[in-house]
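Got chain A; can you put chain B on it based on the hints?
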Amino acid sequence: MIPNGTLIGEMIAFAILIWFCVQFIWPHINKAIEERQVKIAEGLSAAERAHAELKDADTKVADEIRKARQQASEIIDKAQQQANGILDKARADAIVEINRLKAVAQDDIAAMAQQAREQLRERVGALAVQGASKIVQREVDASTHKALLDQLAAEV
Amino acid sequence: MAREPGGLSEYIQHHLTHLIPVGKDYGDFWALHIDSITVSLVLGVLFCLWFWSKARKATAGVPSKGQAFVEIILEFVDGQVKDVFHGDRRFLGPLALTVFVWVFLMNAMDLLPVDLLPWITEKFGIGHFRAVPTADTNMTFAMSITVFLLIIVYSFKAKGFGGYMHELFTAPFGKHPVLWPFNFALNLVELVSKPVSLAMRLFGNMYAGELVFMLIAGLFSAGAGVAGWTLYGMGIIGYTVWGLFHILIISIQAFIFMVLTIVYISMAHDHH
Chain A
5 MIPNGTLIGE
15 MIAFAILIWF
25 CVQFIWPHIN
35 KAIEERQVKI
45 AEGLSAAERA
55 HAELKDADTK
65 VADEIRKARQ
75 QASEIIDKAQ
85 QQANGILDKA
95 RADAIVEINR
105 LKAVAQDDIA
115 AMAQQAREQL
125 RERVGALAVQ
135 GASKIVQREV
145 DASTHKALLD
155 QLAAEV
Chain B
53 MAREPGGLSE
63 YIQHHLTHLI
73 PVGKDYGDFW
83 ALHIDSITVS
93 LVLGVLFCLW
103 FWSKARKATA
113 GVPSKGQAFV
123 EIILEFVDGQ
133 VKDVFHGDRR
143 FLGPLALTVF
153 VWVFLMNAMD
163 LLPVDLLPWI
173 TEKFGIGHFR
183 AVPTADTNMT
193 FAMSITVFLL
203 IIVYSFKAKG
213 FGGYMHELFT
223 APFGKHPVLW
233 PFNFALNLVE
243 LVSKPVSLAM
253 RLFGNMYAGE
263 LVFMLIAGLF
273 SAGAGVAGWT
283 LYGMGIIGYT
293 VWGLFHILII
303 SIQAFIFMVL
313 TIVYISMAHD
323 HH
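Protein sequence lines correspond, in order, to chains A and B.
Every letter in the first sequence is one number past the one before it in the numbering used here, and letter 129, counting from 1, is 133.
Every letter in the second sequence is one number past the one before it in the numbering used here, and letter 87, counting from 1, is 139.
The shape of chain A in the complex, shown without the other chains (with noise of 0.2 angstroms):
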């Protein structure tokens, strides 16, 4: 039970693989651990990195649409506001169209309407100095009787 020699041998031999120890194996392990640690830690920071990089795109692609569909939305706007123009526009055209060609009928019935009332006039006229030259059974000189028979013409 008493400690003797072997306590001497012993030591040495405690001695010598705390020496290993030291020496081969707690600075390699401890190396790989700590370069593991450096390399998860900046993996984490990387992942946090690319997950505040994929929030700050997901703004800007949402700022993109909403921008891109006011430009559509105003766009679809200014073409409504351009058709209506364009319609209003041909609409007053056509108004001034129709007014003008309007017009010009008027203008030709009124100058038919005249032509047929001369012709009128005339016929009437020849009518009545045919009619008058058979009642008195001579012939009318058209030509001496001319006021008289265009007063008659004028009073048809």
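Everything labelled a hint here was simulated from the structure, so no lab data went into it.
Take these hints with a grain of salt, some might be off.
Stated by the list, open to error - Pairs of lysine-lysine, DSSO-like flavour, derived with a Cα cap of 30 angstroms:
#1 A:K35 x B:K134
#2 B:K109 x A:K43
#3 A:K35 x B:K175
#4 B:K109 x A:K35
Same frame as chain A, now just chain B:
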């Protein structure tokens, strides 16, 4: 194992005798316990080769399972050291790791069937063989005295010769010269009690554990007949239960030895 002529006490006596093949004639000092030395050295070399082979191939990338296991042990030990000791861990870390793993491995020899190694050595003509080096005061004191020397070294390193002497003679009662002897006596007791308690705690636990295993193993040779076989069955149950419980003890003892080593050395490192 058949009951030996002297019965249980001789069986135990036989198992508690160290292998001392040479040196007996030169006095007790040279009566070296070859069994303790052999087993502890084999386990120490095993520990070194195991950890060294993993350390050599250690990568910061994805670790193999073996490397991860070694790392778990190392980080566990490092965490214990970090909790107690606030300084450069490049020596204390490996020291704690060596203490923990080596003591654990030596304690684990207790879990081998108590007759296995002696039975094997008997085939080679070696009569006595004790498998558990930590159940030998030589082993436990070898480690605790080494730790004690480290405590002294660390004390000098941290406080200087003058500072340490000053502390030994003036703490804890006071600076007055009359108090010097009392201070020194108390500090001496405190200092010496550290390696003694460290060594005796481990030795006591392992020795007692070994002894209980032997007592239970005694049931295996109770004799023939119903009574004998009943005792044999009880022996199996007892051996299993004590073995399971002993897993706890060997781990806790290895852990305690490591933690106290750290605590003692960090106490030496700190100023009182």
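Checked hints:
1. A:K35 x B:K134: With a Cα-Cα distance of about 16 angstroms, the restraint between A:K35 and B:K134 holds, given a limit of 30 angstroms.
2. B:K109 x A:K43: Roughly 18 angstroms between the alpha carbons, so the hint for B:K109 and A:K43 holds.
3. A:K35 x B:K175: Violated, at roughly 46 angstroms.
4. B:K109 x A:K35: holds (12 angstroms)
The earlier numbered hint that this structure contradicts is number 3, and it is the only one.
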